[in-house]
Amino acid sequence: MNNEELIYTKSKSMTQRETHYCPGCTHGVVHKLIAESLDEIGMVDNAIVIAPVGCAVLIYDYLALDGVEAAHGRAPAVATGIKRVHPDKLVISYQGDGDLLAIGMGETIHAANRGENITVIFVNNAIYGMTGGQMAPTTMPGQKTTTTQSGREPDDVGMPIRACEIINTLDRPVYIERVSCHNPANINKAKKAIKKALLNQKEGKGYSFVEVLATCPTNWGLTPKKSYEWLESTMIPYYPLGVFRDKEE
Amino acid sequence: MKNKILMKGNEAAAEAAVIAGCRYYFGYPITPQNEIPEYMSKRLPEVGGTFIQAESETAAINMVFGASAAGARSMTSSSSPGISLKQEGISYLAAAQLPCVVINVSRGGPGLGNIAGSQGDYFQATRGGGHGDYRTIVLAPANCQEIADLTLEAFDLADEYRMVVMILADGFLGQMSEPVVLPKPSGKTFSKEWAVGIGNKNKVASLILSPEDGLTKHNYVLKDIYDRVEESVIKYEEYMIEDADYILCAYGSSARICKQAIQELRAQGIKVGSFRPITLWPFPYKELKKATEGKKRVLTVEMSFGQMLEDVKLSVNGTIPVDFYGIPGGMIPTPEEIVERIKSYE
Chain A
0 MNNEELIYTK SKSMTQRETH YCPGCTHGVV HKLIAESLDE IGMVDNAIVI
50 APVGCAVLIY DYLALDGVEA AHGRAPAVAT GIKRVHPDKL VISYQGDGDL
100 LAIGMGETIH AANRGENITV IFVNNAIYGM TGGQMAPTTM PGQKTTTTQS
150 GREPDDVGMP IRACEIINTL DRPVYIERVS CHNPANINKA KKAIKKALLN
200 QKEGKGYSFV EVLATCPTNW GLTPKKSYEW LESTMIPYYP LGVFRDKEE
Chain B
0 MKNKILMKGN EAAAEAAVIA GCRYYFGYPI TPQNEIPEYM SKRLPEVGGT
50 FIQAESETAA INMVFGASAA GARSMTSSSS PGISLKQEGI SYLAAAQLPC
100 VVINVSRGGP GLGNIAGSQG DYFQATRGGG HGDYRTIVLA PANCQEIADL
150 TLEAFDLADE YRMVVMILAD GFLGQMSEPV VLPKPSGKTF SKEWAVGIGN
200 KNKVASLILS PEDGLTKHNY VLKDIYDRVE ESVIKYEEYM IEDADYILCA
250 YGSSARICKQ AIQELRAQGI KVGSFRPITL WPFPYKELKK ATEGKKRVLT
300 VEMSFGQMLE DVKLSVNGTI PVDFYGIPGG MIPTPEEIVE RIKSYE
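First to last, the sequence lines map onto chains A and B. Going left to right, the first sequence walks through residues 0 to 248 as numbering that gives the first Met the number 0 numbers them. Going left to right, the second sequence walks through residues 0 to 345 as numbering that gives the first Met the number 0 numbers them.
Honestly, I wouldn't trust all of these hints.
Straight-line distance between alpha carbons at most 25 Å, and here's what the computed PhoX-like set of lysine-lysine pairs gives [claimed, not checked]:
| id | chain 1 | residue 1 | chain 2 | residue 2 |
| --- | --- | --- | --- | --- |
| 1 | A | Lys9 | B | Lys200 |
| 2 | A | Lys190 | B | Lys200 |
| 3 | A | Lys9 | A | Lys31 |
| 4 | A | Lys143 | A | Lys188 |
| 5 | A | Lys201 | B | Lys258 |
| 6 | A | Lys195 | A | Lys246 |
| 7 | B | Lys234 | B | Lys216 |
| 8 | B | Lys200 | A | Lys194 |
| 9 | A | Lys31 | B | Lys289 |
| 10 | A | Lys11 | B | Lys202 |
| 11 | B | Lys288 | B | Lys312 |
| 12 | A | Lys9 | B | Lys202 |
| 13 | B | Lys222 | A | Lys195 |
| 14 | A | Lys11 | B | Lys200 |
| 15 | B | Lys342 | B | Lys289 |
| 16 | A | Lys31 | B | Lys200 |
| 17 | B | Lys258 | B | Lys294 |
| 18 | A | Lys11 | A | Lys188 |
| 19 | B | Lys202 | A | Lys201 |
| 20 | A | Lys11 | A | Lys31 |
| 21 | B | Lys342 | B | Lys288 |
| 22 | A | Lys194 | B | Lys234 |
Since the hints were made in silico from the structure, they are not lab data.
Sequences are here, hints too, so could you generate the full structure?
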């Protein structure tokens, strides 16, 4: 580039691999926010990402970090083992809604309750993406999935679980925030939250939890644009955005 | 005179792990192995280690997964129902070639069963237990000294072959107290260039979707390791087999009872010896075959309906009759019962 000034480039924390994500899926956005945050806090070479079972199972192919793949729901336990061995490394537990709130609820709660000095990034897209669109613990009432074909019926399967609110009942977590990535303004807020959660860990402050409301156009049966609208109109009223806890404040 | 310490089998296992350099223990309480987590909760902080009482057996084995992926010597312990819960993690550890030690102080089953020692977990321990095509090295101690020695060695075997090594004891062995001479560390060191957190940008994973034959190739990598283990890691004990007409085949607690029966039978002029597998996987097939050549009969004795019996039959392969005596559900066969069974062959 001759006289041009470089103002934007791909994060050093990302590999050159193309992702396998569907058009309109927000996993790639969340990956990028993590990568840019690691660049900015200078931890590119000192971070370990734990891949969940779910669509993000190959996250270690896209983030240029150490990567460990956990069994379904066990990421916080695996993160605990790694962090206790390498307290000076950043350990990121990246999890979806089935992973974090269904099969891994026990691991989620207890890692948070111990106040493990890790960062949990929770991608909530209200459906099981990888397995083809079954009901998640966060599926909205009336939402059609392949296992709730007439729509989620709360009288039968209960209401969606709110993760931040549950984590917020525990004493040890230092930072809990719910963000969204359905438009640029919210992506900017999500970036700030993720960066703060990683910085907290770097500074040894303790357990940080960021829930990111995300889309799954393929399994929602919507176009990418419609899926951003659906997230805003249907998910955000039930999953309010904002800081639930920040022990610094 | 060596320094002998009176220790419970469970305590001997825990201290041997510390001597082996294990600094990360994760477990969940279950009888009859609670002395292991209790000992570790006090001992590990003294040596700069980490003890976590996990929220479940499942979480505990996955914490082991994390610590092992991070390159540390790590261990968990449990008893039968808890070992069932750990099988998911053991399969993942095997797939990702992560070394660790798992101790099963087994109890009566199935289900919640009871808390007495039992040998009903042989199939689970030696046939994989979890899903998929994999093996774990299984070591079966028969006294407190051996619990200490084998636990120490288990860490070296785990690191050498990058495998899960299981110590298969039982509630009697875990709870009994015997004098133990604490073993010394082997001094062996293992490079763990594959671990995360050492600056290599490594991946520890078990999902292999592509290429199409990627998983098959990986399975053959594992198979090569298992073949090497079968060549190199066979342990067993022979006792008075040279002139014996009958061979008792038993492991762990059952083998102790067999030795008592042998004394009684020999006093009555009946020549009996015993063959005790110490590695249950790899099983000493060739060695048992050799030990039973020209004998009249093998009697397999187990605290179960007969599980190792199948390996004994595979080993002897029809050359001489193989009989079974055993009792399940946390009861033990008595020396008298074994004596009677052998005398019935005369």
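Outcome of the hint check:
1. A:Lys9 <-> B:Lys200: 19 Å, holds
2. A:Lys190 <-> B:Lys200: 24 Å, holds
3. A:Lys9 <-> A:Lys31: 9 Å, holds
4. A:Lys143 <-> A:Lys188: The hint is violated at about 29 Å.
5. A:Lys201 <-> B:Lys258: It is violated: about 59 Å lies between the C-alpha atoms, which goes past 25 Å.
6. A:Lys195 <-> A:Lys246: OK: A:Lys195 and A:Lys246 at ~12 Å, within 25 Å.
7. B:Lys234 <-> B:Lys216: 30 Å, violated
8. B:Lys200 <-> A:Lys194: 21 Å, holds
9. A:Lys31 <-> B:Lys289: 63 Å, violated
10. A:Lys11 <-> B:Lys202: 18 Å, holds
11. B:Lys288 <-> B:Lys312: 10 Å, holds
12. A:Lys9 <-> B:Lys202: Cα-Cα ~22 Å, so holds.
13. B:Lys222 <-> A:Lys195: Not satisfied, since the Cα-Cα distance of roughly 46 Å exceeds 25 Å.
14. A:Lys11 <-> B:Lys200: Measuring from Cα to Cα gives roughly 13 Å; hence the hint holds.
15. B:Lys342 <-> B:Lys289: 24 Å, holds
16. A:Lys31 <-> B:Lys200: 18 Å, holds
17. B:Lys258 <-> B:Lys294: The hint holds at about 18 Å.
18. A:Lys11 <-> A:Lys188: Given that 25 Å is the threshold and the Cα spacing comes to 21 Å, the pair holds.
19. B:Lys202 <-> A:Lys201: 22 Å, holds
20. A:Lys11 <-> A:Lys31: Answer holds: A:Lys11 to A:Lys31 is near 10 Å, not above 25 Å.
21. B:Lys342 <-> B:Lys288: 23 Å, holds
22. A:Lys194 <-> B:Lys234: 54 Å, violated
Comparing the model with each earlier hint shows violations of hints 4, 5, 7, 9, 13 and 22; every other hint is respected.
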